[in-house]
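**Student:** Residue-level listing of the chains:
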Amino acid sequence: MLKIADKQFESRLFTGTGKFSNGDLMAKAIKASCSQLATMALKRVDVNDQQDDILQPLIAAGVSLLPNTSGAKTAKDAIFAAHLAREALATNWLKLEIHPDPKYLMPDPIETLAAAEQLVKDGFVVLPYCHADPVLCKRLEEVGCAAVMPLGAPIGTNKGVVSQDFLEIIIDQANVPVVVDAGIGAPSHAARAMEMGADAVLVNTAIASSSDPVAMARAFKMAVESGRMAYEAGLAGKVNHAVASSPLTSFLDEMS
Amino acid sequence: MNSSLQISESQCSDVHSSSKKIVIAINDAPQQVPLGSNLQSIIDQFSLADTGYVFAINNQVVPRSEWNSTMLIEGDNISLFQAIAGG
Numbered sequence: 013m014l015k016i017a018d019k020q021f022e023s024r025l026f027t028g029t030g031k032f033s034n035g036d037l038m039a040k041a042i043k044a045s046c047s048q049l050a051t052m053a054l055k056r057v058d059v060n061d062q063q064d065d066i067l068q069p070l071i072a073a074g075v076s077l078l079p080n081t082s083g084a085k086t087a088k089d090a091i092f093a094a095h096l097a098r099e100a101l102a103t104n105w106l107k108l109e110i111h112p113d114p115k116y117l118m119p120d121p122i123e124t125l126a127a128a129e130q131l132v133k134d135g136f137v138v139l140p141y142c143h144a145d146p147v148l149c150k151r152l153e154e155v156g157c158a159a160v161m162p163l164g165a166p167i168g169t170n171k172g173v174v175s176q177d178f179l180e181i182i183i184d185q186a187n188v189p190v191v192v193d194a195g196i197g198a199p200s201h202a203a204r205a206m207e208m209g210a211d212a213v214l215v216n217t218a219i220a221s222s223s224d225p226v227a228m229a230r231a232f233k234m235a236v237e238s239g240r241m242a243y244e245a246g247l248a249g250k251v252n253h254a255v256a257s258s259p260l261t262s263f264l265d266e267m268s
Numbered sequence: 048m049n050s051s052l053q054i055s056e057s058q059c060s061d062v063h064s065s066s067k068k069i070v071i072a073i074n075d076a077p078q079q080v081p082l083g084s085n086l087q088s089i090i091d092q093f094s095l096a097d098t099g100y101v102f103a104i105n106n107q108v109v110p111r112s113e114w115n116s117t118m119l120i121e122g123d124n125i126s127l128f129q130a131i132a133g134g
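Residue numbers (the working numbering), protein chains in the order written: chain A, 13 to 268; chain B, 48 to 134.
If you are wondering where the hints come from, they were derived from the structure by calculation, not from laboratory data.
Any given hint could be a false lead.
What the hints assert, rightly or not - Cut-off 20 Å, straight-line C-alpha distance, at most; resulting in silico cross-link-like pairs (SDA-like, lysine to any residue):
{"#": "1", "chain 1": "A", "residue 1": "K40", "chain 2": "A", "residue 2": "P69"}
{"#": "2", "chain 1": "A", "residue 1": "K85", "chain 2": "B", "residue 2": "I131"}
{"#": "3", "chain 1": "A", "residue 1": "K55", "chain 2": "B", "residue 2": "D75"}
{"#": "4", "chain 1": "A", "residue 1": "K55", "chain 2": "B", "residue 2": "A96"}
{"#": "5", "chain 1": "A", "residue 1": "K88", "chain 2": "B", "residue 2": "A103"}
{"#": "6", "chain 1": "A", "residue 1": "K55", "chain 2": "B", "residue 2": "N105"}
{"#": "7", "chain 1": "A", "residue 1": "K55", "chain 2": "B", "residue 2": "P110"}
{"#": "8", "chain 1": "A", "residue 1": "K55", "chain 2": "B", "residue 2": "S94"}
{"#": "9", "chain 1": "A", "residue 1": "K250", "chain 2": "A", "residue 2": "G209"}
{"#": "10", "chain 1": "A", "residue 1": "K55", "chain 2": "B", "residue 2": "A76"}
{"#": "11", "chain 1": "A", "residue 1": "K88", "chain 2": "B", "residue 2": "V108"}
{"#": "12", "chain 1": "A", "residue 1": "K55", "chain 2": "B", "residue 2": "Q107"}
{"#": "13", "chain 1": "A", "residue 1": "K55", "chain 2": "B", "residue 2": "N124"}
{"#": "14", "chain 1": "A", "residue 1": "K55", "chain 2": "B", "residue 2": "S126"}
{"#": "15", "chain 1": "A", "residue 1": "K85", "chain 2": "B", "residue 2": "V108"}
{"#": "16", "chain 1": "A", "residue 1": "K85", "chain 2": "B", "residue 2": "N106"}
{"#": "17", "chain 1": "A", "residue 1": "K55", "chain 2": "B", "residue 2": "N106"}
{"#": "18", "chain 1": "A", "residue 1": "K55", "chain 2": "B", "residue 2": "V109"}
Keep in mind it's a predicted model, so treat the numbers as computed, not measured.
Given only the sequences and the hints, what does the whole structure look like? Please build it.
**Tutor:** This is the structure we're talking about:
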């Protein structure tokens, strides 16, 4: 079973709550995914234009919340957002994300490492979203992050595990769980990440923006379970020449 | 702005009954609230949920335990955040 900090997870599929057309559909999809950890964001309130309450359906479904620091452009912003989130949601778990550039939403490695170090000291369980950079992931682990969340591809692109070679190194070196976050666009991508030995995947857009988010959530659930099972079973090795699966008998030759 | 916020409950009882209003700003938007309001009164006045909200003043988070005792006066500008959907 996956363990991050003091929490155990039966499901290795973490989900985002953004981009769903409404709160009811979001809650149904997350329930179908069997995810036990879902991300949330914070925004300034317009008291005259209130948003749907998506919190209660998630809490009712028994899902733990993972607030993010989306919108933070610096370590200072992220630390403030983290403290806001802890007070608002009564959890010290945090998806640390710092992306100064709105076009590509690339995580800033320098600010992320600085913020992670401070937030760990402040008592947070820090799960940083970061590049698939093996050196950075090691540094994040060393400052006390409870897991690392390297990207498979740029956020929201649905391109899959394009950072595979680097993720493999990260997984090989890590002493904390590795959660592949961002870019996973299809259940097969999630299965691929799990087959590689990722401890979990975080999926949002691919479920929320699909034609049938509830069915897609179920498909991701199955893919993550399947990928993990394959990893634990041990994939057969690759070779560059043919190796017959049937015994090569000579009786066909004898007929001629 | 922070200095104008008074952490005192002693003045609540006799001003709550007053119909006098003051103007404060929530996230820079002007709002009328009754004289003697505190941060918890904001939650109540706008029918906000019990969880998922947080106040900050001068970029300092105000712990929930201090909402009742953080009194508002004319001209205060407070930040109010809500947990919303996000990835």
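**Student:** All hints are to be evaluated individually against the structure, with a verdict given for each.
**Tutor:** Tested hints:
1. Between K40/A and P69/A the alpha-carbon distance is near 9 Å, which keeps this suggested pair within the 20 Å criterion.
2. With a CA separation close to 19 Å, the supplied pair K85/A and I131/B stays within the 20 Å bound.
3. About 14 Å separates the Cα atoms of K55/A and D75/B, which keeps this hinted pair within 20 Å; it holds.
4. The hinted pair formed by K55/A and A96/B meets the criterion: a straight-line CA distance of about 15 Å does not exceed 20 Å.
5. Of the supplied pair hints, the one linking K88/A and A103/B holds, its CA atoms being roughly 15 Å apart against a limit of 20 Å.
6. A threshold of 20 Å between alpha carbons decides the hint, and for K55/A with N105/B the separation of about 16 Å falls inside it, so the pair holds.
7. A hinted pair counts as satisfied when its Cα atoms are at most 20 Å apart, and K55/A with P110/B qualifies at roughly 18 Å.
8. For the hint linking K55/A to S94/B, the alpha-carbon distance of about 18 Å falls within 20 Å, and the restraint holds.
9. Taking the CA atoms of K250/A and G209/A, the gap is about 17 Å. The hint holds against a cut of 20 Å.
10. Distance hint between K55/A and A76/B is fulfilled; the C-alpha atoms sit about 15 Å from each other, no more than 20 Å.
11. At most 20 Å may separate the alpha-carbon atoms for a hinted pair to count; K88/A and V108/B meet this at roughly 14 Å.
12. With a CA separation close to 16 Å, the supplied pair K55/A and Q107/B stays within the 20 Å bound.
13. Of the supplied pair hints, the one linking K55/A and N124/B holds, its CA atoms being roughly 17 Å apart against a limit of 20 Å.
14. Distance restraint check for K55/A and S126/B: the Cα-Cα separation of roughly 10 Å lies within the 20 Å cut-off, and the hinted pair is therefore satisfied.
15. Proximity of K85/A to V108/B is assessed by CA-CA distance (about 19 Å); at most 20 Å being required, the pair is judged to hold.
16. For the hint pairing K85/A with N106/B, the CA-to-CA distance comes to about 15 Å; that is within 20 Å, so the pair holds.
17. At most 20 Å may separate the alpha-carbon atoms for a hinted pair to count; K55/A and N106/B meet this at roughly 14 Å.
18. This hinted pair checks out: K55/A and V109/B have alpha carbons roughly 16 Å apart, not beyond 20 Å.
Violated hints: none; the structure is consistent with every hint.
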